[in-house]
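Participant: Sequence:
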Amino acid sequence: VCTPKAEGGLGIRRVGDCNKAAMLRLIWDLLKSRLSLWVRWSKAEILKNCSLWQLERKQALSITWKYILDLRAQASANLVYSIGRESTWSLWYEPWFQNTSLVSRLGHKVIYESGLPRNATLAMVISDSAWSWPANVRHQCPFNCRQDESLNHLFFECSFTKAVWVNVLKLNNCPTPTTWSWESTARWALGRTKGNQFHRWMRRIGLTASIYHCWRERNNRVFRQTMASPSRVVECI
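Residues in the sequence shown are numbered from 1 upward in steps of one, following the UniProt record's numbering.
Since the hints were made in silico from the structure, they are not lab data. Please note that the accuracy of each hint is not assured.
The following label-pair restraints were derived from C-beta to C-beta distances [what the hints assert, rightly or not]: (1) 127 with 190: 28 to 34 Å; (2) 149 with 29: 37 to 43 Å; (3) 67 with 108: 25 to 31 Å; (4) 29 with 119: 18 to 24 Å; (5) 119 with 16: 34 to 40 Å; (6) 59 with 145: 39 to 45 Å.
Straight-line Cα separation of at most 25 Å, BS3-like style, residue types lysine-lysine; simulated pairs [said to hold, decoys possible]: (7) 43 with 58; (8) 194 with 162; (9) 32 with 58; (10) 32 with 5; (11) 20 with 5; (12) 48 with 109; (13) 66 with 20; (14) 58 with 20; (15) 194 with 170; (16) 58 with 48; (17) 20 with 32; (18) 43 with 20; (19) 66 with 32; (20) 32 with 48; (21) 43 with 32; (22) 43 with 66.
It should be emphasised that the depicted structure is a prediction, and the values quoted were computed from it without experimental measurement. Glycine residues also receive a C-beta, built at the ideal position from the N, C-alpha and C atoms.
Let the hints inform the model, and build the full structure from the sequences given.
Facilitator: And the structure:
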């Protein structure tokens with residue numbers, strides 16, 4: 001019955017698919033605060049000072065609400081958040097960061113360490129179109145070089161990332177630079193990676209892969225407490 005007409009069926013939509021689409025639309029209405037009686041009632045009686053992403057799946061909830069909560073992961077995987085100084089999204093509980101919330105990724109301890117309230121919004125950490133986190137957030141380089149983290153330091157003044165970049169340069173038969181700041185690396189890229197020649201294309205790939213994997217290793221150390229050696233990062237590149 002539900003098989004497409006082109007395949008000999010009647011083309012009738014599956015009830016389960018229609019029901020899921022309707023529930024996902026309700027999630028969208030809640031997130032957008034649509035002007036409807038159901039949205040107002042849900043926020044007043046069900047959510048009660050918590051977001052959709054915080055609500056626990058309790059036995060007392062209706063079948064509809066249990067189904068809505070079960071669909072949260074699917075809904076978040078298809079959401080794209082527009083971040084700006086007017087953002088009223090929850091900083092901790094909305095899945096705005098790579099389709100997951102900061103609490104899910106970092107744990108509730110991050111709220112305490114930040115010094116920000118539980119009801120903090122994204123707008124509270126954005127100033128002049130840039131991130132503006134509290135002053136007590138750690139700024140030291142996670143590669144144990146005892147230097148403050150900055151763009152120039154991370155790419156590639158840091159001894160760890162410098163070791164990675166030097167090895168990638170050697171693989172591309174490139175001379176070792178005399179300066180290691182991000183500005184000098186950008187100038188090097190502008191002069192030696194443009195064009196369609198194979199060796200220039202390989203340099204472009206080497207630089208972008210080095211940046212990506214060094215940044216990934218940095219995040220692994222900060223958020224997952226895992227560490228890899230420079231040679232291991234080069235192997236990934």
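Participant: Measure nothing beyond the straight line between the CA atoms of residue 32 and residue 58; if it is 25 Å or shorter, mark the hint as holding.
Facilitator: holds (24 Å)
Participant: Holds or violated: the 34 to 40 Å window for the beta-carbon distance between residue 119 and residue 16?
Facilitator: For residue 16 against residue 119, whose Cβ atoms are near 36 Å apart, the range 34 to 40 Å holds.
Participant: Would you check the hint for residue 194 and residue 170, treating anything up to 25 Å between C-alpha atoms as holding?
Facilitator: Cα-Cα ~19 Å, so holds.
Participant: Mind checking the alpha carbons of residue 194 and residue 162 for me, to see if they're no more than 25 Å apart?
Facilitator: holds (22 Å)
Participant: Holds or violated: residue 66 and residue 32, Cα atoms, limit 25 Å.
Facilitator: holds (20 Å)
Participant: What's the verdict on residue 43 and residue 58, does the C-alpha distance respect the 25 Å limit or exceed it?
Facilitator: holds (16 Å)
Participant: CA of residue 43 to CA of residue 32, is that 25 Å or under?
Facilitator: Cα-Cα ~12 Å, so holds.
Participant: Do the alpha carbons of residue 48 and residue 109 lie within 25 Å of each other, as the hint requires?
Facilitator: Within the cut-off at roughly 23 Å; holds.
Participant: If you draw a straight line from the CA of residue 32 to the CA of residue 5, is it 25 Å or shorter?
Facilitator: Given that 25 Å is the threshold and the Cα spacing comes to 36 Å, the pair is violated.
Participant: Do the Cβ positions of residue 29 and residue 119 conform to the proposed distance bound of 18 to 24 Å?
Facilitator: Holds, since residue 29 and residue 119 (Cβ atoms, about 22 Å apart) stay within the stated range.
Participant: Please test the hint of 39 to 45 Å on the beta carbon pair from residue 59 and residue 145.
Facilitator: Violated - the Cβ-Cβ distance for residue 59 and residue 145, about 52 Å, lies outside 39 to 45 Å.
Participant: Is the hinted range of 37 to 43 Å satisfied by the C-beta distance from residue 149 to residue 29?
Facilitator: Given range 37 to 43 Å: holds, Cβ gap about 42 Å.
Checked against the numbered hints given earlier, the structure breaks hints 6, 10 and satisfies all the rest.
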